[in-house]
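Undergrad: These are the residues of each chain, in order.
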Amino acid sequence: MNDIVDGLSYLVAERADVWQLLGQHVTISLLGLVIASLIALPLGLLVVRVRWLAGIVMALLSILYTVPSLAMLIMLIAVFGLSKTTVVVTLVIYAQVILVRNIVVGMQSIDRAVLEAARGLGMNTWQIWWRVELPLALPIMLAGLRIAAIMCIAISSIAAMIGVGGLGQLLFQGITFDRADMIWAGTISIAVLALVCYGLLALLEQRLTPKI
Amino acid sequence: MSTIEFQNVRKIYPKATTAALADISLTINRGEFVILLGPSGCGKTTLMKMINRLIEPSSGTILLDGVDIQTVNATKLRQQIGYVIQQVGLFPHMTVAENIAVVPKLLGWPKPKIQSRIDELLSLIQLDPAQFRQRYPAQISGGQAQRVGLARALAADPGVMLMDEPFGAIDAITRTILQDEMLRIQQQLHKTIVFVTHDVEEALRLADKIAILHEGTIVQYDTPLNLLRNPANQYVAELLGADDLVRRLSLIQVRHVLQPLPKSYDASLNTIESSHNLRDGLNQLLASSSDQLLVVEHNQPIGLLSLAAIHAYLHPEVIHERHR
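Read top to bottom, the protein sequences are chains X and C. Okay, so the first sequence: first residue is 19 according to my numbering, each after it adds one. Okay, so the second sequence: first residue is -9 according to my numbering, each after it adds one.
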């Protein structure tokens, strides 16, 4: 219990540093998430429309997903060096599976009769997407985004290992210097970040879900 | 209110050995309620979906008001054609009002015009606007949903309505009500309607003309009464149950068979509206103690209906004189 209090007091005492680490953590996670989403959306829509691609893409992504994140980081260091790029690429790869799968499930959950009606009434492909498919698939897509965001925050913590900062740094330094208060400070701050992020996205999801 | 003309239309699906539709030529006149009737797989839905280009023919031409529909942009074409399907397909994330507004919005109607159109259509399909405008599809019954589906298709006042087994998934009681509504609405609006069904009773009840399809060809195309009187072949006769005399009676209004009102008549006779069909008339005759019914129109007696007259009607040589 004392350790937790020590952790909290560390957060207060070193708030300037903590804010900086938080900023780094959020930047890396957000960058990974945004890039991942920008790739996942067209990829997901392609997979929905081209049936035979679905199996191949999903299998490939699932295989990548089974690689432990630490191993992935180390492998990618060989390519991108000890840089933010390595971490962001790792995030993009992991988030891909979750995002693409939820886009596919979201799109497939739409009643085919609704799509036939949309086409029969004279909507073009773009109008069907914007007015029918997107609003109906959005709740499931956003659920994917929420899970992917939490995962990005978690993996970004490990990224401190390769020296790109983030709240994970508190954990690793705490272990190195045998400082329980730093370990707790890191744990608490990452947990709070994850919870706040989850809450905000859940709120957004609720706002954008059609009231049926 | 438009004319639809199929000229030597064929459809062969890729990898299929036989044609789904073989050399169809068919004219649907403006304002006619035409039913495409046949068992599943006969090509009736394919034929209908070619009119709004959801399915493209392999060869042949389809003219809408004399214009080859291939020369019209497919989405523009569909916006001018009402479309109703069996599963309704209302947009679950839109209210009833928003569902009805879809096509007017696509056409860029001004907002006040759309709003008044929504109320007009809700009244037409007998759903109270105040009560139903803001409801979501999940909050209304199946029958109400299909009414809204009909309103949505009628929204931009299209000349042509395509209806793909619209009442097929609805319970028998509601279906009868909706069929009556459909007849009432058609009397008001005079649309050119192409309606697909495999339900013979429904076809006989609703259609001005029925096209009977069998294995990708039109076997016979005529009015319900003529189809029952002169079926082209055994297939048509069996499909329609042409030897079912009571069924035939249900297609003829009492007014066509009534006898002139004699100078003196029994005013205490049971009455029947002249617009009712002979099947109702027969039913009432059998139920009443007398062998005559007093036929009324606008509450005025105009003639008598007797068992003998119905019997005489069922003999072809007598029909020609009496009917029409």
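It should be emphasised that the hints constitute simulated quantities derived from the structure, not laboratory data. Treat the hints with caution; some may be incorrect.
Estimated spans, in silico, between C-beta atoms of each pair [what the hints assert, rightly or not]:
| no. | chain 1 | residue 1 | chain 2 | residue 2 | range |
| --- | --- | --- | --- | --- | --- |
| 1 | X | Ser80 | C | Gln129 | 50 to 58 Å |
| 2 | X | Ser127 | C | Asp58 | 33 to 41 Å |
| 3 | X | Leu152 | C | Thr17 | 37 to 45 Å |
Sample of chain C residues lacking proximity to chain X, with all beta carbon distances greater than 12 Å (derived) [said to hold, decoys possible]:
| no. | residue |
| --- | --- |
| 4 | Leu80 |
| 5 | His83 |
| 6 | Glu88 |
| 7 | Arg174 |
| 8 | Asp198 |
| 9 | Lys199 |
| 10 | Asp234 |
| 11 | Val236 |
| 12 | Leu251 |
Just so it is clear, the structure is predicted and the values come from calculations on it, not from any experiment. No residue lacks a Cβ here, since even glycine has one placed at the ideal position from N, Cα and C.
Undergrad: All hints are to be evaluated individually against the structure, with a verdict given for each.
TA: Hint by hint, here is what the structure shows:
| no. | hint | verdict |
| --- | --- | --- |
| 1 | Ser80/X x Gln129/C: 50 to 58 Å | violated, 40 Å |
| 2 | Ser127/X x Asp58/C: 33 to 41 Å | holds, 39 Å |
| 3 | Leu152/X x Thr17/C: 37 to 45 Å | holds, 42 Å |
| 4 | Leu80 | violated, 7 Å |
| 5 | His83 | violated, 3 Å |
| 6 | Glu88 | violated, 10 Å |
| 7 | Arg174 | holds, 24 Å |
| 8 | Asp198 | holds, 23 Å |
| 9 | Lys199 | holds, 23 Å |
| 10 | Asp234 | holds, 34 Å |
| 11 | Val236 | holds, 37 Å |
| 12 | Leu251 | holds, 51 Å |
When held up to the earlier numbered hints, the structure conflicts with 1, 4, 5, 6 and fits the remainder.
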